[in-house]
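Protein chains: 2
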Amino acid sequence: MKLTPEQLKQFDEEGYLFFPNYFSPEETQILKSEIPGVFQQRREENVREKSGDVVRTAFAVHTYDPIFEALVHHPRFVEPAEQLLGDRTYIHQFKINGKAAFDGDVWQWHQDYGTWKADDDMPEARAMNLAVFVDDVNEFNGPLWFIPKSHKKGAIEAKHDLTTTSYPLWVIDNDTIAKLVKQGGIVSPKGGPGSAIFFHGTLVHGSPPNMSPWNRQIIYVTYNAVSNAIRRFKRPDYIAHRDFTPIDAWSDDAVLQAARRKSAAE
Amino acid sequence: MKLTPEQLKQFDEEGYLFFPNYFSPEETQILKSEIPGVFQQRREENVREKSGDVVRTAFAVHTYDPIFEALVHHPRFVEPAEQLLGDRTYIHQFKINGKAAFDGDVWQWHQDYGTWKADDDMPEARAMNLAVFVDDVNEFNGPLWFIPKSHKKGAIEAKHDLTTTSYPLWVIDNDTIAKLVKQGGIVSPKGGPGSAIFFHGTLVHGSPPNMSPWNRQIIYVTYNAVSNAIRRFKRPDYIAHRDFTPIDAWSDDAVLQAARRKSAAE
Chain A
25 MKLTPEQLKQ FDEEGYLFFP NYFSPEETQI LKSEIPGVFQ QRREENVREK
75 SGDVVRTAFA VHTYDPIFEA LVHHPRFVEP AEQLLGDRTY IHQFKINGKA
125 AFDGDVWQWH QDYGTWKADD DMPEARAMNL AVFVDDVNEF NGPLWFIPKS
175 HKKGAIEAKH DLTTTSYPLW VIDNDTIAKL VKQGGIVSPK GGPGSAIFFH
225 GTLVHGSPPN MSPWNRQIIY VTYNAVSNAI RRFKRPDYIA HRDFTPIDAW
275 SDDAVLQAAR RKSAAE
Chain B
25 MKLTPEQLKQ FDEEGYLFFP NYFSPEETQI LKSEIPGVFQ QRREENVREK
75 SGDVVRTAFA VHTYDPIFEA LVHHPRFVEP AEQLLGDRTY IHQFKINGKA
125 AFDGDVWQWH QDYGTWKADD DMPEARAMNL AVFVDDVNEF NGPLWFIPKS
175 HKKGAIEAKH DLTTTSYPLW VIDNDTIAKL VKQGGIVSPK GGPGSAIFFH
225 GTLVHGSPPN MSPWNRQIIY VTYNAVSNAI RRFKRPDYIA HRDFTPIDAW
275 SDDAVLQAAR RKSAAE
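Protein chains in written order, with this note's numbering: chain A, 25 to 290; chain B, 25 to 290.
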């Protein structure tokens with residue numbers, strides 16, 4: 025899996041790439057059916073919503089679940105990440121965002137690199153998310169909103185918001201958002217399960233709450249250039265990993281193989 | 025202005041009618057430019073958002089502002105209201121919902137008749153909203169969401185929610201919403217300023233918060249059949265009116281005339 029020159033240009037200009045049906049229905053179904061078993065676990069990696077007992081984010085699942093371990097080694101993630109970041113990569117963060125029907129709360133406007141820099145002392149914005157939709161993402165269930173071209177601004181000043189949701193986030197003020205939107209607008213890629221989105225570490229994004237009866241689970245893998253490893257270990261290891269070993273690409277059927285091994289073991 | 029038999033049928037089946045560009049740009053601009061003067065007033069009719077000093081809802085503006093008085097007498101509101109409700113009508117409620125950029129909070133899933141019944145002892149669901157978009161309404165600035173056909177269920181059991189927002193509302197539980205959405209889906213009419221939406225008093229609706237930099241002001245006029253006047257006066261008069269005088273239709277240029285009178289007086 026190699027990105028074309030046109031795709032590289034679009035990523036450079038707009039800050040993201042969207043691929044409907046990037047993973048097969050079979051692969052996506054394997055990922056989806058693995059999640060309930062993850063969410064039901066009482067472990068510190070599972071951050072719950074303010075409103076109650078619903079999982080907002082499950083971190084570091086690839087460290088204990090072979091299905092998600094296979095996903096982070098998927099060549100359709102590893103190879104584009106290396107291409108876009110110009111280096112071999114390691115996993116800085118892995119998360120499944122639940123955005124549960126009715127309960128899924130807002131993600132305020134932010135840059136991911138804002139947090140990686142402020143909390144983890146990541147030298148440069150040479151890390152990024154490669155994400156896969158587990159559910160259909162539509163206008164009603166809290167889709168991601170991006171401000172195209174905003175990644176060109178580098179690291180934007182942000183304020184640590186500890187109160188709005190259950191998860192602390194470095195958020196960007198309204199005046200800055202208004203200016204960025206004037207330049208780039210807002211886009212909200214929607215699509216079926218298996219669609220993928222890659223976005224720059226400084227691309228400003230957020231998402232509204234989920235008031236619909238439909239879950240909106242998305243898996244995010246943050247790849248960081250190995251030459252850009254973090255230098256502060258303030259946050260727990262399961263949120264900002266300290267294992268900088270380069271990630272190898274496995275075979276294209278890595279997720280299917282992991283599922284087969286799992287059923288064989290059961 | 026008369027609704028066609030097809031429109032009456034659609035309203036009966038779906039519970040709403042949407043009209044892009046229902047009012048002229050000139051009329052809409054008059055309404056829009058009148059709102060800042062309303063919102064800046066410190067009066068009890070102006071309910072502010074929980075988050076701060078931004079107006080969430082301005083009630084009863086037609087009782088003190090001639091521009092909005094003209095709007096409630098507009099034949100493009102009065103005549104369809106009489107047709108749909110099968111009676112002459114009076115104004116049960118008038119409001120401008122600000123849904124301000126960044127600050128506009130959620131409206132939870134509800135039926136308007138739930139409140140009119142529980143709080144105002146309105147005998148039947150023979151009241152409805154005729155609303156006009158003052159701003160462009162898009163997927164990002166907190167558009168209205170409707171569950172088509174849900175009006176057929178009559179008054180649905182609801183719970184008085186006094187905490188979620190600054191405005192108390194009789195809201196419907198998640199299980200019921202999930203069932204209704206399975207039957208009718210969710211629709212979200214979007215359009216430019218001047219677009220109008222008419223919806224049944226028992227049509228279930230809500231709207232997400234406005235995280236965008238764009239205001240989303242909508243004016244709602246609630247017409248009630250004169251034979252269906254409320255019987256309890258628990259809520260303030262400016263929220264649930266007690267003047268049951270039938271509303272006459274003025275001429276089609278009523279808003280333009282009111283604006284001309286206003287400039288002449290200035």
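Errors might be hidden in some of the hints.
[Claimed, not checked] Below, a list of computed lysine to any residue pairs in the SDA-like style, where the Cα atoms sit at most 20 Å apart:
{"no.": "1", "chain 1": "A", "residue 1": "K74", "chain 2": "B", "residue 2": "L186"}
{"no.": "2", "chain 1": "B", "residue 1": "K173", "chain 2": "B", "residue 2": "S48"}
{"no.": "3", "chain 1": "A", "residue 1": "K183", "chain 2": "B", "residue 2": "P237"}
{"no.": "4", "chain 1": "B", "residue 1": "K214", "chain 2": "A", "residue 2": "N162"}
{"no.": "5", "chain 1": "B", "residue 1": "K176", "chain 2": "B", "residue 2": "N198"}
{"no.": "6", "chain 1": "B", "residue 1": "K183", "chain 2": "A", "residue 2": "P237"}
{"no.": "7", "chain 1": "B", "residue 1": "K203", "chain 2": "A", "residue 2": "K206"}
{"no.": "8", "chain 1": "B", "residue 1": "K206", "chain 2": "A", "residue 2": "D159"}
{"no.": "9", "chain 1": "A", "residue 1": "K206", "chain 2": "B", "residue 2": "Q207"}
[Unchecked claim] If we take Cβ atoms under 8 Å as the criterion, some of the chain A residues that face chain B in the derived model are:
{"no.": "10", "residue": "D145"}
{"no.": "11", "residue": "G178"}
{"no.": "12", "residue": "I180"}
{"no.": "13", "residue": "N198"}
{"no.": "14", "residue": "S212"}
{"no.": "15", "residue": "M235"}
{"no.": "16", "residue": "P237"}
These aren't lab readings, by the way, just hints derived from the structure by calculation. Virtual Cβ for every residue (Gly too), placed ideally from N, Cα, C.
Evaluated hints:
no.: 1; hint: A/K74 / B/L186; verdict: holds, 18 Å
no.: 2; hint: B/K173 / B/S48; verdict: violated, 30 Å
no.: 3; hint: A/K183 / B/P237; verdict: holds, 18 Å
no.: 4; hint: B/K214 / A/N162; verdict: holds, 15 Å
no.: 5; hint: B/K176 / B/N198; verdict: holds, 18 Å
no.: 6; hint: B/K183 / A/P237; verdict: holds, 18 Å
no.: 7; hint: B/K203 / A/K206; verdict: violated, 40 Å
no.: 8; hint: B/K206 / A/D159; verdict: holds, 17 Å
no.: 9; hint: A/K206 / B/Q207; verdict: violated, 39 Å
no.: 10; hint: D145; verdict: violated, 29 Å
no.: 11; hint: G178; verdict: violated, 21 Å
no.: 12; hint: I180; verdict: violated, 15 Å
no.: 13; hint: N198; verdict: holds, 5 Å
no.: 14; hint: S212; verdict: holds, 7 Å
no.: 15; hint: M235; verdict: holds, 6 Å
no.: 16; hint: P237; verdict: holds, 4 Å
This entry does not satisfy hints 2, 7, 9, 10, 11, 12, going by the numbered hints stated previously.
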